[in-house]
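Chains A and B, in that order, give the protein sequences.
For the first sequence, this note's numbering gives the first residue as 1, with consecutive numbering after it.
For the second sequence, this note's numbering gives the first residue as 1, with consecutive numbering after it.
Incorrect hints may have been included.
As the list claims (entries may be wrong) - Far from chain B by the CB rule (all over 12 Å, computed), these chain A residues: (1) Lys-278; (2) Glu-292; (3) Leu-707.
Said to hold, decoys possible - Dumping the calculated BS3-like pairs for lysine-lysine here, alpha-carbon to alpha-carbon at most 27 Å: (4) B:Lys-129 x A:Lys-24; (5) A:Lys-435 x A:Lys-735; (6) B:Lys-88 x A:Lys-61; (7) B:Lys-69 x A:Lys-24; (8) A:Lys-61 x B:Lys-69.
What the hints assert, rightly or not - Non-contacting residues of chain B with respect to chain A, defined by C-beta distances greater than 10 Å in every case (computed): (9) Arg-60; (10) Leu-61; (11) Gly-68; (12) Asp-74; (13) Lys-95; (14) Ala-105; (15) Met-124; (16) Arg-126; (17) Pro-139; (18) Ala-155; (19) Gly-159; (20) Arg-181; (21) Arg-185; (22) Arg-211.
Treat the hints as calculated values from the structure; they're not laboratory data.
Cβ atoms here follow ideal geometry from the backbone N, Cα and C, with glycine treated the same way.
As a plain string of letters, each chain reads:
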Amino acid sequence: MAEKLLGNNFTPPDVRAKVTGASKYSEDVRVDGMCYVKMLGNPMPSSNVTIVDTSEALAMKGVLGILTENDVPPSPPPGYPILTNKPRQLGQPILAVAAETEAIAAEALEKIKVNYEAQPFSLDPLQSLYPGGPNALDEGNISGGRSIPLGVLKWTARDFAEAGETRLPMGEAPEEWSVGDVEAAFKDAAFIIDEPFVVASSSHQALEPRSTLSYWENGKCFVYGSSQSQSWMMPGLAAMLQIPVEDVVYIAEFCGGGFGAKASPYPTMAIPAYMSKKIGRPCMLRITRAEEYHIGGSRPGFQGQLKVGFDNKGKVTAIDCYIVQSGGPSNGSGDYTAAAEALALVYTPTNMRFRGVPVVTNKPMHISQRGPGQNQIACIMEPFMDRAAKQLGIDRIMIREINAPDHDVVFSDRESTVTSSYIRDALIMGSDKFKWKEKIALSGKRNGNKVIGIGVGQAYHSAGSNGFDGLVTIRPDGKLHIHSGVGNLGTYSYASASRIAAETLGCSWENTVIEHGDSRRGLPWVLAQFGSNTTFTTTRTNFAAANDAKQKLKEIAAMDLGGAADDYEVDNETVFLKSDPSKVMTFAQAATRAIELGGKYDGHEFPDELNAVTKAAMPLVAGLGLCGVAKDNMPKKGTVPALATGYAMIELDTETGKYEILEYTAFVDCGSVIHPQSLEQQVRGGGVMGMGMASTDRMVYDPQNGLCATVDLYHTKPLTILDIPSNLEVGAVNKPDPQSPAGVKGVGEPVMGCAAAAILSAIQDATGHSFNRTPVDPDMIVNAMAGRPQSFKPLQVNI
Amino acid sequence: MQKKFSSDRYDPLSTERDALSRRTFIKGVIAAGTVAGAAGLMTGCSGGDSSGGGAGSVERLVTINVNGKDRPVDVMPNETLAHTLRNKLGLTGTKLGCDRASCGACTVMIDGVTTYSCSTLTHMVRNKKIVTVEGVVGPNGELHPVQQAMIEELAPQCGYCTPGQVVSGVALLQRNPNPTRDEVRHALSGNLCRCGAYNNYINAIVKAAGRA
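Throw the hints in and build the complete structure from the sequences for me.
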């Protein structure tokens, strides 16, 4: 019997290089003749630029060239241009200079004469929706979501006047859906909460700035990038560079964090490529930490109104949610609609209305961040659940169990279904592990100025997809090569999801090689490494490819050893006759035969249904050995829900507003656990990020000049090792999802949201005050404890 | 106490002064005849000819001791150690996350003390012993117990902060072979990890302590 791989720990092949420093991130790569590129960023939130004179810069010794918008393809609004003379955010790249050194490039930038004509700008969506308010783009002020084109939307002055300062003005909503009879449900509700809320935009703050090295060789464009994804990058890069996908060589063996902001190709990646084409030298564009805050993307902020009705047993009977999303100067993300779906799934309201508007602003490009939409709304809704529990005299875990979705849940206007849901199990097992009953007895316990708060949070994310390609090769040396088109975000899912192919083919892990991180290795088309999807999506593709290889092994054995393919079985790195195991071929023999046979056996022929990226990879692997390649055509019905619960105990100082997180436990529904160590690591890491979301993560802009006050790590601080407990507890329900051949689901996203919500829930528990916003900082807590009004209005942003 | 020059951790009353504080760094840059601004922290590895315009200054040949070897290298007056290591000596294990002494990805040991190499002038470490992540392995390339334990505990996630965490961990065990979990936390407190892998780093260093 072959080695059991799934569910066991292993050492992913790239860890060693990370601890020795041998790992090469894009900024670590050096090539002969490499020069450096620096960008000129817009110094104000919106301007029309005239480049007056570049001659002095070009005349400088060591300056190699200047790239402007005329050298790159345009990207009309709401697209995000590579370079532009109409920058619509602070720091947006206008032009770039290449020079022998960065210092020379920086000095050359100073010598370029540029005129800036300041334009009106918008940093607060509500201000933009006010009659006569500024539009972030010339063409309008809303864009994004499911299907909202770029256009102008203004509410009436009456909408604002009626709302006053304590409610969200709720004018015309371009996005709206409802199920059931919301009004009637509120009439019958035993308890209603109806309050405005704010979730701040926050930067992803990956530790590795997104540097890119690029050069052209033999008609192909080589790009060393910092990205979460691998094959997913190819079509977008090809489109940006205006070349066929087979002429893109993309190398991203390591990625120093992305959290959503490096999921897909980003415009600055094209700058060194176009510069290199222009000057004929390899170009390195190093991105600074400050630049990363401008071009690195940030999570969309929300201003909203959430009205929730409960019956006397604690069931959520009605939700009415309005979200105004703050996006950047480009097509807005779907965070706000995803937030609505999260409400619909996690709390199973029988009646619900959602309205929303995605507003564009002159702030950084807003990109999905870990748990896009779902994590923002968890921060608001979870404390609401606690308030209802208190009001109705129900335990806070119990009220969540009462509302938890089952496997047969149908949610939102789309009547979506799920592949499996074990969040109730997670609540029961997680609260047990946390010793909820003992802990809740400590709630409100005082020690001088300090008071104990107990919190619980839940979060959800859709975590799996289907229809992508898998590719494996068995080489004449008998080794199984799994070609992974997945990126290397640091979750190790590229490796753990590969193990199903080895297990299916009865191949030892020792004799398995993972090909990844470089398109020259022949990598198939799979989805980006985002949205917690990799584990579900690519266990399916790798399973499909392994089964194709298995079938070919059997066919080759039948050809050479007699009988029919079905008479054979594959295990222990051999293919053998079931009735007479002495009739056997090793993988090495079968691979050699596959090369002799050619055609489909060694990858020279392949199914036409494969994606163009996979087809471009096939010539790179054809003839190397026996080739298993297939599209994942297995059935899939419903959303794959990653569900997570978190439990926190804090000690809050009522005089300073600071708190210490004493204990934290997370318990998740991720289907079967495929790799226990990486699960623990993801759940803990997401927990830390969530704790930051509750306390320190936010982007702040000066409303007068539109300048950014958060351009370094200590301005919007990621939590340090001293901010968190030294042992975060982790558990998983570990029940299989029926639509994955390995029973697995991803879970990287909601583990952040549940932690953020649990901390906010604990703060509410300790203070008795509902903040209805995140992050909550010590000033807010001090004001609340002293009974003073806050220094900001309920819907105010950029604080 | 770990010695690093992060401004928010600078304790003016401490008798344990770094030889290399932020103040001495800036003074050094000024003394070198240039401004402690962006240009001082930039990359250029074109050898002797980096003196385009006024931005670059004349390089001088100096010798620094890195990972036990004397390394002659041409260094600009305003050049940071991180820059020298990464771009002139090819030691790219030392990472740059912020270039402003706030993340710790560039942590190296200087005479056994963990220091942010992004904010240390190369000229100021000429008579000191520098150890980078590439230098903590044994004489035959065997992993340091801290590295081995980090693999076993699957401590790194994206891995970008990892070299800094390794150096901080190794430095801790050199001065305190049996640290408590809390002592490990304090020793790593100058190394940010956005992935939040802190618990696993603590687990690894505690595990390594028994073996180092």
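Here is how each hint holds up against the structure:
Every C-beta of chain B lies more than 12 Å from that of A:Lys-278, the closest at about 19 Å, which supports listing it as non-interface. Chain B draws A:Glu-292 into its interface by the beta-carbon criterion, the shortest separation being 9 Å against a cut-off of 12 Å. Listed as outside the interface, A:Leu-707 is consistent with that label: its C-beta sits roughly 17 Å from the nearest C-beta of chain B, beyond the 12 Å cut-off. Only pairs whose Cα atoms come within 27 Å are accepted, and B:Lys-129 paired with A:Lys-24 is accepted, the gap being roughly 25 Å.
A C-alpha spacing of about 22 Å is found between A:Lys-435 and A:Lys-735, which places the hinted pair at or below 27 Å, so the restraint holds. With a C-alpha separation of about 22 Å, the suggested pair B:Lys-88 and A:Lys-61 falls inside the 27 Å cut-off, and the hint holds. Restraint check for B:Lys-69 and A:Lys-24: the C-alpha separation of about 23 Å stays at or below 27 Å, so the hint holds. Distance restraint check for A:Lys-61 and B:Lys-69: the Cα-Cα separation of roughly 35 Å exceeds the 27 Å cut-off, and the hinted pair is therefore not satisfied.
For B:Arg-60, the requirement that its beta carbon stay farther than 10 Å from each beta carbon of chain A is met, with the minimum near 16 Å. Chain A leaves B:Leu-61 outside its interface by the beta-carbon criterion, the shortest separation being 18 Å against a cut-off of 10 Å. Every CB of chain A lies more than 10 Å from the CB of B:Gly-68, the least distance being 16 Å, so the non-interface label holds. Even its closest Cβ contact with chain A, about 13 Å, leaves B:Asp-74 beyond 10 Å, as expected for a residue assigned away from the interface.
Against the 10 Å criterion, B:Lys-95 falls within the reach of chain A, whose nearest CB is about 7 Å from its own CB. The Cβ of B:Ala-105 sits about 6 Å from the closest Cβ of chain A, inside the 10 Å cut-off, so the non-interface label is violated. At the 10 Å boundary, the C-beta of B:Met-124 stays outside the reach of chain A, the nearest C-beta of that chain being 20 Å off. The Cβ of B:Arg-126 sits about 22 Å from the closest Cβ of chain A, beyond the 10 Å cut-off, so the non-interface label holds.
The Cβ of B:Pro-139 sits about 15 Å from the closest Cβ of chain A, beyond the 10 Å cut-off, so the non-interface label holds. For B:Ala-155, the non-interface assignment is contradicted: its Cβ lies about 8 Å from the closest Cβ of chain A, within the 10 Å cut-off. For B:Gly-159, the shortest C-beta to C-beta distance to chain A comes to about 3 Å, within the 10 Å cut-off, and the non-interface label is violated. At roughly 5 Å, the least C-beta separation between B:Arg-181 and chain A is not larger than 10 Å, which violates its mark as non-interface.
Separation of B:Arg-185 from chain A is inadequate, the least Cβ-Cβ distance of about 5 Å not exceeding the 10 Å criterion. Interface exclusion of B:Arg-211 from chain A stands, the closest Cβ pair being 15 Å apart, more than 10 Å.
Checked against the numbered hints given earlier, this structure breaks hints 2, 8, 13, 14, 18, 19, 20 and 21; the rest are met.
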